[in-house]
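Use the sequences and the hints to build the structure in full.
Heads up: the sequence lines are chains A and B, in that order.
Note that the first sequence covers residues 75 to 592 in our numbering.
Note that the second sequence covers residues 122 to 505 in our numbering.
These are computed hints drawn from the structure, not numbers from a lab.
Treat the hints with care, since some could be wrong.
[Claimed, not checked] Chain A regions said to be covered by chain B (calculated; three or more residues, Cβ under 8 Å):
{"#": "1", "region": "401-412"}
{"#": "2", "region": "420-426"}
[Said to hold, decoys possible] Here are the in silico distance ranges between beta carbons for each label pair:
{"#": "3", "chain 1": "A", "residue 1": "ALA451", "chain 2": "B", "residue 2": "SER249", "range": "26 to 36 Å"}
{"#": "4", "chain 1": "B", "residue 1": "ASN123", "chain 2": "A", "residue 2": "ASP310", "range": "32 to 42 Å"}
{"#": "5", "chain 1": "A", "residue 1": "ASP475", "chain 2": "B", "residue 2": "SER376", "range": "50 to 60 Å"}
{"#": "6", "chain 1": "B", "residue 1": "SER269", "chain 2": "A", "residue 2": "ALA560", "range": "48 to 58 Å"}
{"#": "7", "chain 1": "A", "residue 1": "ALA451", "chain 2": "B", "residue 2": "ASN123", "range": "50 to 60 Å"}
{"#": "8", "chain 1": "A", "residue 1": "LEU489", "chain 2": "B", "residue 2": "SER269", "range": "31 to 41 Å"}
{"#": "9", "chain 1": "B", "residue 1": "LYS214", "chain 2": "A", "residue 2": "VAL445", "range": "35 to 45 Å"}
Glycine included, every Cβ here is placed at the ideal spot set by N, Cα and C.
This is what each chain is made of:
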Amino acid sequence: VTAVKSKDAAMNSEAAGKISSYQALSSSLDETLALFRKIFNNDGTLRVRVIENKHGGTVRCGLVYVDGMIDRDLIQNGITRPVMTYEFTEEESGNPAELMEKIRMEVINISDIMVSTELDELVGAVVSGKTVFLLDGYAGALNINAQGWETRAVEEPTTEKSVRGPREGFTESLLINLTLIRRRVQNSDLKFVFTDIGTRTKTQACICYMESLASPDILKELYDRLERVEIDHILDTGYLAELIRDEPYSPFETMGSTERPDAVVGKIMEGRIALLIEGTPFALTLPYVFVENFQASEDYYINYYFASFNRLLRVLGAFLSISIPAGYVALVTYAQEMVPTLLLLSIANARLAVPFPTVVEALIMLTIFEVLREAGARIPTSIGQAVSIVGALVLGQAAVDARIVSAPMVIVVGLTGITTLLNPRLTGPLIIVRLLLLCSTFFLGIYGYFFGLLGVVIHLMSLRSFGVSYMLGVGSIRPQDIKDTAVRAPWWDMYLRPAVIGARNMKRKPSKKPAKRL
Amino acid sequence: MNSLRRAASVLISLLLLLSISGCWNYAEVDDMSIVAGVAIDKNKADGKLLLTVEMIDSTGGMDKTQAGFKMISLSGDTMFEIVRNLISMTGKKLFWSHAKSIILSEEVAREGIVKVIDWYSRDTETRSDVFIFVSGEKTAREVLNLNSSTKEIISFELAQMMRDEKHTSSAPVVDIWEFLDKLEASGYNAVAPMIYIHEQKGPKKERVEGTAIFVKDRMVGSLDGEETKNILFIKNDIEGGVLAVDDKHGTPAYSLEIISNQTKLKPKMVDGELQIQIQTLTKTGLDEVMTAEGFLEGESIQDIEQRASERLQADILAVIHKLQQKYDADIFGFGEAVRENQPKIWAKVKDRWPEVFADLDVTVSSKVTIQSSAKTSRAIKLGD
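Here's what the structure looks like:
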């Protein structure tokens, strides 16, 4: 049990910083343990254990670890029992340096074990869940990896479900996630480079790529950017994505994020780089281009006609979701002559007695939809039904009956909402672009709509992700450039990796001939 | 500094946008009266133009699926003056882009229609694909007023009729732009369909049949439905319709449905005289045989074809002669054909084309072929 000292916690952390920086490790066990206690002042989870072995002379050892981060069975069977029961000779007990070596080599029964004399390193090891083994009379320690904590089981990711394909999703444990990737690529070419991010949390991050595929330039750029990151803590890869992305003010993501190991592996095999951190199931992939927003893992597993159809639906959905409200406002308030006569009549009939201008009506309904969407995402599932009832009945039916909004507007907003849901990765950008187009349309009619659309296209064209043009493949007519964009070509035809990203080794397979029929 | 400059330029651009958006035609649909059609008459009392507008009356209500209508009339000196003054009666701006029909009274048409039609083709909001009609009744407004008994929007019905006109071929289909095009062309006279009120034991109904013939912008006369069909043959505008053929005793017995028709119009110099040669080739299907004997009485398909061809040929010639002698109006575009095919001759005759047209030598050769006999090859045979 750690002695609790009546010192200010904040003061203490400052003190701990100083101690770890300047103080050398003492050869006295008691002194070292006291030092640890001092550093971990006010930390109730620190455990300091002293064990003795008196088979041949007194061997006093100390264990320092943080409770909850270690595997107790492993410490018991791998450290305490062997050390307590080992029959040391007197000669051995007299020489701490040799004794330490013997304990490391012959007594302790744990695979991952290192010698360390740096206090800094040892403190770092203790907070990361490792166990520090100290020996009285020796100014050094063993840094034993007996980590063990509860992790969530590998489950199907809820954000990216697929009917066909692997059902494994990442968990919050970095190591498990790396395992999930490694199991799919059994090749030493797959590299995992560790680093830590966050000056205070020291969160572990892992850069993951195929050495023979990933572009060294992009890799170097990634390292450079990670080095420049200045942040004290990091809880999700979303922090990183914002900190190291290109064009920080763009609403469009220039780094991909996925919960699926198969998606990560797929991207790594195209020459992309993945970035995972401890504590979140979301991996970043880069470079990330616009068309990836429309790609789902399942596309690659199912029949390519059907997959292409689904892709086209998503592209159409994205387009409609930004265009429907703006288009409706443009047609109804500016270009009535373009609406078929009968449709115009029914719109005019429905709009009668609605007090708001069409654009206000649109803004009201779009806001209500977003409120419902946000509410649906946040509330506990047990009251989820209430939201749909409120949404459908109160706000839809009643608002139309009360003539606060017109029925065509409900259809417009309903279509907008549904089409947005087709592209979960684009939800945010689509909302922003939609409002932008709606406003420009309100000012300038159809001209304004196209003006806004042009602006969006120019913006997209100007974006880059780690030096790769964001609109890569869009607008090209070369079959190998568009093989995996709005359509998904059959696997036997995708014999090249994506341009630029896979430039280091373009050939995915030697020939473009269809697979031999058996 | 640079970013400040950029922000300033963006701001300025946005402000400039506002200025060009200024008085744009922003309007809510429920704030305007949608015009369906218009009838133009001459006011008896003061001789001014009398405009009757059929408008959509959006009375609202979710359960109401069919739009209502209302009519207003106003007289004035010029079209635009009337149209603007109408706002003071409706309270809402009139929206002309969805208007489908213009009906002119015969009186207005005979006085010359440029003065009433110029506004319509000049204004930005009106469309030039609106259908034009000449009322065969006393006034044009009584045709629009039929809506009080039919409960339908007459203008839209007329537009629908025009779209289905190809099945009957009894009236020309004329958009206002086409009409103006013909007015301006030399070697071409304009036509417009005639519209009547049809009353036969039951509710009154509008009926489009026949052709109003214009010389310059004045109406000079009209043709009936049958004659109109023959005109359409000459103009190669036949897309459907029925040819009735008599049997050998002279009673109507067969109906031929026109499947397709091709007319070739060739101006030729024959013995130093300009001659127009017309060849029609009509493919038809035998769709009705009004006799129990069928073809067995020695009536072969060839006989029917022969008789149909002869009759069509005679009818076409008759209508050409009527136009040459009675109206001297080249509504077939013979002059245009001469200009295209014999430009040198056209240069000589174009200044006195009306006189040339009146004496023009026209030959017609028609060929009608029967390609099928619909679902059965035999006539209904009477049993005992």
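Legend entry - CB-CB spacing for A/ASP310 and B/ASN123 relative to the 32 to 42 Å hint: Roughly 34 Å apart at Cβ, these two residues keep to the hinted range, so it holds.
Inset, instruction - Could you tell me whether the CB distance from A/ALA451 to B/ASN123 stays inside 50 to 60 Å? - result: 40 Å, violated
Inset, instruction - Take the region 401-412 of chain A, compare each residue's beta carbon with every beta carbon of chain B, and decide whether three or more fall closer than 8 Å. - result: Since three or more residues must qualify, the claim that chain B covers the region 401-412 of chain A holds, with 5 doing so at under 8 Å.
Inset, instruction - Starting from the range 48 to 58 Å, see whether the pair B/SER269 and A/ALA560 falls in it by beta-carbon distance. - result: 55 Å, holds
Legend entry - Hint check for B/SER249 and A/ALA451 - Cβ pair distance inside 26 to 36 Å: Taking Cβ atoms as reference, A/ALA451 and B/SER249 lie about 53 Å apart, which means the hint is violated.
Legend entry - Residues of the region 420-426 of chain A with Cβ under 8 Å from chain B, three needed, outcome: As far as the region 420-426 of chain A goes, the hint holds, because 7 residues have Cβ atoms under 8 Å from chain B.
Legend entry - Range agreement (Cβ of B/SER376 with Cβ of A/ASP475, hint 50 to 60 Å): The hint (50 to 60 Å, Cβ to Cβ) holds, given that A/ASP475 and B/SER376 are roughly 55 Å apart.
Legend entry - Hint check for A/VAL445 and B/LYS214 - Cβ pair distance inside 35 to 45 Å: 36 Å, holds
Inset, instruction - Check the following: the C-beta atoms of A/LEU489 and B/SER269 are separated by a distance inside 31 to 41 Å. - result: 39 Å, holds
Checked against the numbered hints above, the structure violates hints 3 and 7; every other hint is satisfied.
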